[in-house]
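From these two lone chains plus the hints, build me the complex, please.
So the sequence lines, in the order shown, correspond to chains U and Z. Per numbering that gives the first Met the number 0, the very first residue in the first sequence carries number 0; after that it's consecutive. Per numbering that gives the first Met the number 0, the very first residue in the second sequence carries number 0; after that it's consecutive.
Quick caveat, the hints were computed from the structure, so don't treat them as lab data. Hints are supplied without guarantee of correctness; some may be wrong.
[What the hints assert, rightly or not] Selected chain Z positions facing chain U (Cβ under 8 Å, derived; list incomplete): (1) Gly63; (2) Gly67; (3) Glu81; (4) Leu86; (5) Ser103.
Computed from a predicted structure; not experimentally measured. Note that beta-carbon positions come from the ideal geometry of N, C-alpha and C, so glycine has one too.
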Amino acid sequence: MRSVLFMEIKKAFTNKLFLLSLLTAAAIALYAAVFSILSYYKYTEADLLSASVSGFSLNPELPGTTLFTSWIGADHISPAASLFYLLLPLIAALGYGWSYCSECKSGYIKNVTTRTSKTNYFLSKYIAVFLAGGTVVTVPILLNIMAVAVFIPAIQPDVFYDVYYAAHPWSTLTPLFYAHPVVYMLLKIVTTFIFAGLISEICICISFLSKNKFVSVFTPLFLLLFINYLSNTVNNLPQISPIQFLHTGKIYVSLSVICLEVVLLFAVSFAVTLVRGKKNDIF
Amino acid sequence: MMHIIVSHVSKTIKNNPVIRDISMELHSGVVYGFKGINGSGKTMLMRLICGLIRPTQGEISMNGKILGKDISFPESIGIFLENPAFLDAYSGFQNLKLLASIKSVASDADIRNTLLRVGLDPDSRKNYKKYSLGMKQRLGIAAAVMEKPDIVILDEPTNSLDEGGVNLVKRIVQDEKERGALVIISCHDAEILKGLSDETFLLEQGRLVGHITGGNI
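Next comes chain Z alone, as it looks inside the complex (with noise of 0.2 Å):
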């Protein structure tokens, strides 16, 4: 079980504030959608939660463990931010191989059904360079949910995505909710959202004006 607690969480970035005073708390096996228009601190929130910035106020914990004090990263965690990002040189199973090797939690087999899942080929000896924006995208998210973590943090996921690869993201989404998973996921189309979403937060200005419960956005 996780257990995510933003605090007063604010963070300025060259005397510009990018978040303020934002305060939640996130638990397992449920999917949390941030909404808001760009420049309104989706992507900065979801990077504080990963611990990749770190904030000017405030704190975040997981399961009573102070990120950035007590750990530097959450201890499982599977994120696909902005845009996706591998070695041009290595096919997308390398790509996986190659990341799956530092926690060595994935097993090759788990690595080709995870690309199966969102629809590539893992035999496939195409480099990722030559690889379309639609399949880039799709091996963002298979990197994301391949160690099955107990965070899955998905940026705009829809995006370079048709409608086959939205309801994959949406099955996806679905299936790691199922596992009991904390899943973060943030979209511009707010019918995508809202069928993906159990909870979602409003964000403007990187202020928190709204949560709502259920299907309404």
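Just chain U, with the same shape it has in the complex (with noise of 0.2 Å):
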């Protein structure tokens, strides 16, 4: 099993797909990066012409605007950062939730089982696409952090200006936002690499209905925004849609409704990885 581990893991990881949607990730996450940071400067250049004419300024060091609500999982403003969350189920699929479907097309799949079993196979398919597909929406997210954090102080946020932040006060995590932004801002990274690493297995789940690899790689991405839009027609209810809870937490987001997602999308795609393809045919 290890073997075989160690084996998708490389590919994984070396494969030009991946190193293509993480740059084009990362690319879009700086960009949205910089959009905060020009934005925070503006800001700036406006508050010291301020001054300049009325000889009072705001103090810089206010927490209206700050790395917690810059950064791209809580920049509800920028462009940039509405796409990364757009397109993130296809930036996960694109990372290697393609490769069962591709193995499976060009016979490859065939050298690798017969020298392991079908469940180390599947298992070790499993595994890699999920880092692969966390990795390649993580990384750049974690880029677009640093690149905030160099330019704009990482303030803690203060109940009285938030107005200015994309907290809903029914959220379960919002006390948290306002206690220990950084745990708030690591817990939302560790979300999105587990939705990122579970819509990418859509793919596999997919891949046993169809030897497309287009279908295969788009699927996530319409099954999500087809989610988007059932959850954008529903008002005062929590947040369904991964799309939006986990880019800014201006909506009504519950802990136990994402908790629920989880588990529903690993059993989901679990079982149906290591059932179908223990089940199914070699050709």
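Below you can see the structure in the form of structure tokens.
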């Protein structure tokens, strides 16, 4: 099992599509960082200008704009940030989600399974796809945070400035955002990693139905856009769309809904991959 | 010693019978040829023996262990089925090394020797994507034999090969036989099959219609 897993991880992290989607996602995330930084400096410049005219200026250390509201996962203004989360399912799928479909089509799967077992192959594939999907989305987010942190101070958010924040008062984790913003940020990054990993597993499940790489890669995107559409039709209910709740906190997010979705996505994708994978013939 | 018993095996795919009640016994140190026109069931029967697909009826046992029940795949098998399939971004050596890392049976030296045996340069940095059809075919054969498996299955190994390549396949099959492997080979060309196999099974529409021992097909 270990040898197949290492092999799958090596293939996952060295393939061209992984690198291409990582670079594209990083470019979008860095563009979002530039947008946040420029917005911050525009605000500071305006403040300096008003200070020169009136003789008064706002304290630049006020928590209205802080790293915790300017990083990509909290930035609800930048179009690049919205684009990043909109394309998240596609970016995750392009990491390594397509590999099972591709290996079935080319026949490479035969080279591997006859040297090990179907269980080892599918378990290794599941883990590698999960890790690659999570990494390809999370690394650009970390790059964005690093870039933003260089220019925008990490001032503790203050509840009196809530109009500036994307923190919905009903959301389960909003108190954590005010009390421990770093922990809140880390928790959100981990959640994004898990979701991106699980979303890319959808590609494997779809590959059991269609051996078309295009279908396998784009299905998670269309599925999540459909969920997003459904969630937009109902009001006053916790957000169910990962595209929305992984992004800003300005919508009502319930931790129990997130946990339920993680469990559901994992259970379905894992069961389908292992059970169908073991049962299906390899041609 | 390897002893394979194929017992009343049938395979139906989407209500279409592709293998019908085939029984045969295969032993180590013998080269078996599967002959038949396209769609006669040669490749499907090979897939069944590999454990890649499961029979709808009947069973296949290997040294008493039933495929799909006691074992999911034969413990030591090298296959070359239909088209060779490798990773485009890796060289021939890198591709074989990656596959060999699964079982850790073949060393780097074994891989190099196998590549030389099939007429490929182990030091070549050329990516698999840039290989010619013949080179891809040779790499596929190398992957099948590099771990010195007990069972070697070669489906149309002479496709896309020139005369030198065909002679090379003949030599490899002979070497594998002398090593004591059970070799199963399929080929359209009756002359090539005649020269290679000790026993030939004739297939037609998924049925076994003849079993010839010796050279006359």
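Do the hints match the structure? See the list:
{"no.": "1", "hint": "Gly63", "verdict": "violated (19 Å)"}
{"no.": "2", "hint": "Gly67", "verdict": "violated (11 Å)"}
{"no.": "3", "hint": "Glu81", "verdict": "holds (6 Å)"}
{"no.": "4", "hint": "Leu86", "verdict": "holds (7 Å)"}
{"no.": "5", "hint": "Ser103", "verdict": "holds (7 Å)"}
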